[in-house]
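*Asks:* Assemble the whole structure, with the sequences as input and the hints as a guide.
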Amino acid sequence: AQSVAQPEDQVNVAEGNPLTVKCTYSVSGNPYLFWYVQYPNRGLQFLLKYITGDNLVKGSYGFEAEFNKSQTSFHLKKPSALVSDSALYFCAVRDPRGGYQKVTFGTGTKLQVIP
Amino acid sequence: KAGVTQTPRYLIKTRGQQVTLSCSPISGHRSVSWYQQTPGQGLQFLFEYFSETQRNKGNFPGRFSGRQFSNSRSEMNVSTLELGDSALYLCASGYGRDYNEQFFGPGTRLTVL
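Heads up: the sequence lines are chains A and B, in that order.
Per my numbering, the very first residue in the first sequence carries number 1; after that it's consecutive.
Per my numbering, the very first residue in the second sequence carries number 1001; after that it's consecutive.
Quick caveat, the hints were computed from the structure, so don't treat them as lab data.
Nothing here was measured: the structure is a model prediction, and the numbers come from that model.
A few of these clues could be false.
Here are the computed lysine to any residue pairs in the SDA-like style, where the Cα-Cα straight-line distance is at most 20 angstroms [as the list claims (entries may be wrong)]:
| hint | chain 1 | residue 1 | chain 2 | residue 2 |
| --- | --- | --- | --- | --- |
| 1 | A | K110 | B | G1058 |
| 2 | A | K49 | A | Q101 |
| 3 | B | K1057 | A | K110 |
| 4 | A | K69 | A | N30 |
| 5 | B | K1057 | A | Q2 |
| 6 | A | K102 | B | G1058 |
Only some residues are given here: those of chain A computed to face chain B with a beta carbon under 7 angstroms [stated by the list, open to error]:
| hint | residue |
| --- | --- |
| 7 | Y32 |
| 8 | F34 |
| 9 | L44 |
| 10 | F46 |
| 11 | L56 |
| 12 | K102 |
| 13 | F105 |
| 14 | T107 |
| 15 | G108 |
| 16 | K110 |
Backbone N, C-alpha and C define an ideal beta-carbon position, used for all residues, glycine too.
*Replies:* As structure tokens, then:
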């Protein structure tokens, strides 16, 4: 069974500092990994995904994520945080083996960027 | 392209009633998924439809059902509402390949009194 963990309920970072939101996954094979962001009273927005290839994936709004197979991690990063980055971030995983599988989402990490 | 639309945006019902939520996907998308989001349980997968067929189902009781029409629009129905059904219900559409990302609507906020 596939699963994903976001170990931090909340991450606080000062504006201008680099930010990292952690995600680890459990999938038998090679996973498809996704990051989404949710602003208050809104649906989720897609940020980036890893399917195959380069382990460093670049996405929207200056975000990037690094796929690390040995550590089964897919941490979200940004070199310089903005106050407008404050939101709820979700990591998601899908196992591409065994037919079409549903997406499993993490519990979410609230990012607070402090001015 | 217009985004995913969900109607209604807000709904208040009482226990025992039933409710139908609607989702219109992005044009060209054939996959529609439904999720329940609550502060305690996070984002829980309900079901996914692709070309009018249910392709995946989450662990929800039979009171939760859905369907998809030939134009890819989808409806979700909850019968015999319980207080615990109060949540934000999110619809997401996509092209339907397992490597495709999903596009979410703004959600329907359901309150059961």
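*Asks:* All hints, please: hold or fail.
*Replies:* Cross-check of the supplied hints:
1. The straight-line distance between the Cα atoms of A/K110 and B/G1058 is roughly 25 angstroms, outside the 20 angstroms bound, and the hint therefore fails.
2. A C-alpha spacing of about 16 angstroms is found between A/K49 and A/Q101, which places the hinted pair at or below 20 angstroms, so the restraint holds.
3. Under the criterion of a C-alpha separation no larger than 20 angstroms, the hint pairing B/K1057 with A/K110 is inconsistent with the structure, at around 28 angstroms.
4. The suggested pairing of A/K69 with A/N30 holds, with an alpha-carbon distance near 8 angstroms, which does not exceed 20 angstroms.
5. Simply put, B/K1057 and A/Q2 have alpha-carbon atoms about 15 angstroms apart, close enough for the 20 angstroms limit, and the pair holds.
6. For a cut-off of 20 angstroms, the pair hint linking A/K102 to B/G1058 stands: about 8 angstroms separates their Cα positions.
7. Interface restraint check: A/Y32 against chain B, minimum CB-CB distance 5 angstroms, threshold 7 angstroms, status holds.
8. Residue-level restraint check for A/F34 holds (minimum Cβ-Cβ distance to chain B is 6 angstroms; threshold 7 angstroms).
9. For A/L44, the interface hint holds, since its Cβ comes within 7 angstroms of a Cβ in chain B; the closest pair sits about 4 angstroms apart.
10. The closest approach between the C-beta of A/F46 and any C-beta of chain B is roughly 4 angstroms, which is under the 7 angstroms cut-off, so the hint is satisfied.
11. Below 7 angstroms, beta-carbon pairs count as interface contacts, and A/L56 has none with chain B, the closest being about 18 angstroms; its hint is therefore violated.
12. Taking 7 angstroms as the C-beta cut-off, the interface hint given for A/K102 holds, the closest approach to chain B being about 4 angstroms.
13. Given hint, A/F105 at the interface with chain B, holds; its Cβ is 4 angstroms from that chain's nearest Cβ, closer than 7 angstroms.
14. Because the closest C-beta pair between A/T107 and chain B is about 4 angstroms apart, less than 7 angstroms, the hint holds.
15. A distance limit of 7 angstroms between C-beta atoms decides the matter here; for A/G108 the minimum to chain B is near 6 angstroms, and the interface restraint holds.
16. Contact between A/K110 and chain B, as hinted, is not supported at the beta carbon level, the nearest pair being about 11 angstroms apart and thus beyond 7 angstroms.
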